[in-house]
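Colleague: Each chain, letter by letter, is given below.
2 protein chains.
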Amino acid sequence: MQATSDVDQTCGMSIAIDVVGGKWKMHLMWVLAEGPVRFGQIRRKLDGVSEKVLAENLRQMEASGVVHRELYAEVPPRVEYSLTPLGESLSVALKPLEDWGDQHRDAILSRE
Amino acid sequence: MQATSDVDQTCGMSIAIDVVGGKWKMHLMWVLAEGPVRFGQIRRKLDGVSEKVLAENLRQMEASGVVHRELYAEVPPRVEYSLTPLGESLSVALKPLEDWGDQHRDAILSRE
Chain P
113 MQATSDVDQT CGMSIAIDVV GGKWKMHLMW VLAEGPVRFG QIRRKLDGVS
163 EKVLAENLRQ MEASGVVHRE LYAEVPPRVE YSLTPLGESL SVALKPLEDW
213 GDQHRDAILS RE
Chain Y
113 MQATSDVDQT CGMSIAIDVV GGKWKMHLMW VLAEGPVRFG QIRRKLDGVS
163 EKVLAENLRQ MEASGVVHRE LYAEVPPRVE YSLTPLGESL SVALKPLEDW
213 GDQHRDAILS RE
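Protein chains in written order, with my numbering: chain P, 113 to 224; chain Y, 113 to 224.
If a hint is listed, it holds; no wrong ones were tucked in.
Treat identical chains as interchangeable: a pair holds within one or across any two.
25 Å max Cα-Cα, derived PhoX-like pairs, lysine-lysine:
{"#": "1", "residue 1": "K207", "residue 2": "K135"}
{"#": "2", "residue 1": "K157", "residue 2": "K207"}
{"#": "3", "residue 1": "K157", "residue 2": "K135"}
{"#": "4", "residue 1": "K135", "residue 2": "K164"}
No lab work stands behind these hints, which were simulated from the structure alone.
Required output: the full structure, derived from the provided sequences and hints.
Modeller: What follows is the structure, encoded as structure tokens:
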């Protein structure tokens with residue numbers, strides 16, 4: 113008998129996990145959904161993320177096509193991050209998950 | 113000025129991330145949505161997960177109230193994992209994310 117994996121690495125959930133897997137990326141989607149933000153603003157909103165990890169996550173989300181990085185040639189230069197149209201559609205797809213958390217907050221927190 | 117975090121740790125997305133944060137838990141939700149499964153079956157479906165990590169993730173999801181572990185007193189004993197009603201509702205909330213991945217598969221895979 114040949115051992116094979118049943119996971120189709122291109123199934124929808126695998127693709128989505130590639131893009132928002134890990135806790136920071138889902139938090140980032142939530143922060144970015146509110147509109148363009150600067151790096152420092154994101155860091156203040158995400159308690160506990162290091163500069164290095166935040167930069168890496170934003171780069172990966174830019175590579176996935178869900179985040180846009182805009183550099184404004186000011187002094188000092190200003191960089192803003194926002195969702196691309198693909199990112200906006202992902203944000204919409206994540207909304208039911210956020211609503212689920214809201215609806216079941218008490219049941220889940222009471223177990224912790 | 114006092115530095116404070118804007119993240120409400122009890123917001124819906126934070127709760128959801130607590131429950132399904134990390135790549136294995138979202139994969140696990142996807143596997144468990146198909147019905148009760150045994151530990152070995154899950155391992156075969158999730159390519160690359162170690163026994164230790166899988167057991168830990170299942171324990172955490174049981175603690176969150178989304179996974180039920182049933183022990184059948186057979187010889188040898190049989191253990192099956194399934195979604196609780198809370199887990200079923202989470203599975204429904206994750207569906208749009210899976211659909212998003214399906215819909216944008218080509219756009220995302222072409223960037224990798």
